[in-house]
Amino acid sequence: MRVEARIFDLVTAFAFFIAIVYGVTTYYWSGFGVEPVGLVALILTGGLAFIAGSYMRFVARRIDARPEDREDAEISDGAGELGFFSPGSYWPIALAASAATAGLSLAFFHVWLLVIAVVMLLITVGGLVFEYHTGPNHE
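Everything in the sequence shown is counted per my numbering, starting at 1 for the first residue and increasing by one.
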């Protein structure tokens with residue numbers, strides 16, 4: 001995960017550098033001072049990339065090196081099972097529909113629909129997370 005952390009570090013540095021350039025250029029060229037929306041967006045982008053990169057670096061210290069992180073790795077080192085993926089789950093479709101409903105309710109500012117969409121989101125996220133949970137003592 002060190003490679004991913006480096007990528008996010010580069011995105012962080014780029015976003016902060018461009019935020020400085022953007023602030024200076026809008027201050028001198030716009031005639032109205034610094035344009036705040038773009039500047040805040042770039043700073044928040046850099047902050048979010050910093051958080052993601054810090055998390056990747058934190059996890060990379062606690063796990064063994066993956067084949068992607070080693071210089072002497074072969075392609076066959078990465079072979080094998082990668083995890084379990086649900087073959088036929090309908091929960092992602094329901095989750096997308098509830099997220100779309102939440103987005104539309106925010107776009108048109110219908111609070112009543114937003115409440116319904118948040119409830120739908122909680123139900124569908126719970127269904128997706130606990131889809132294969134059978135209980136503590138069930139075999």
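No lab work stands behind these hints, which were simulated from the structure alone. Predicted model, so just to flag it, every value in this text is computed and none were measured. All C-beta atoms in this analysis are idealised placements derived from N, C-alpha and C, irrespective of residue type, glycine included. Some hints could be false.
[To be verified] Here are the computed distance ranges between Cβ atoms for each label pair:
| id | residue 1 | residue 2 | range |
| --- | --- | --- | --- |
| 1 | 123 | 48 | 51 to 57 angstroms |
| 2 | 32 | 110 | 49 to 55 angstroms |
| 3 | 13 | 131 | 53 to 59 angstroms |
| 4 | 67 | 21 | 47 to 53 angstroms |
| 5 | 129 | 37 | 32 to 38 angstroms |
| 6 | 110 | 41 | 24 to 30 angstroms |
Hint by hint, here is what the structure shows:
| no. | hint | result |
| --- | --- | --- |
| 1 | 123 <-> 48: 51 to 57 angstroms | 28 angstroms, violated |
| 2 | 32 <-> 110: 49 to 55 angstroms | 34 angstroms, violated |
| 3 | 13 <-> 131: 53 to 59 angstroms | 40 angstroms, violated |
| 4 | 67 <-> 21: 47 to 53 angstroms | 38 angstroms, violated |
| 5 | 129 <-> 37: 32 to 38 angstroms | 35 angstroms, holds |
| 6 | 110 <-> 41: 24 to 30 angstroms | 26 angstroms, holds |
Consistency note: the structure conflicts with the earlier hints numbered 1, 2, 3, 4.
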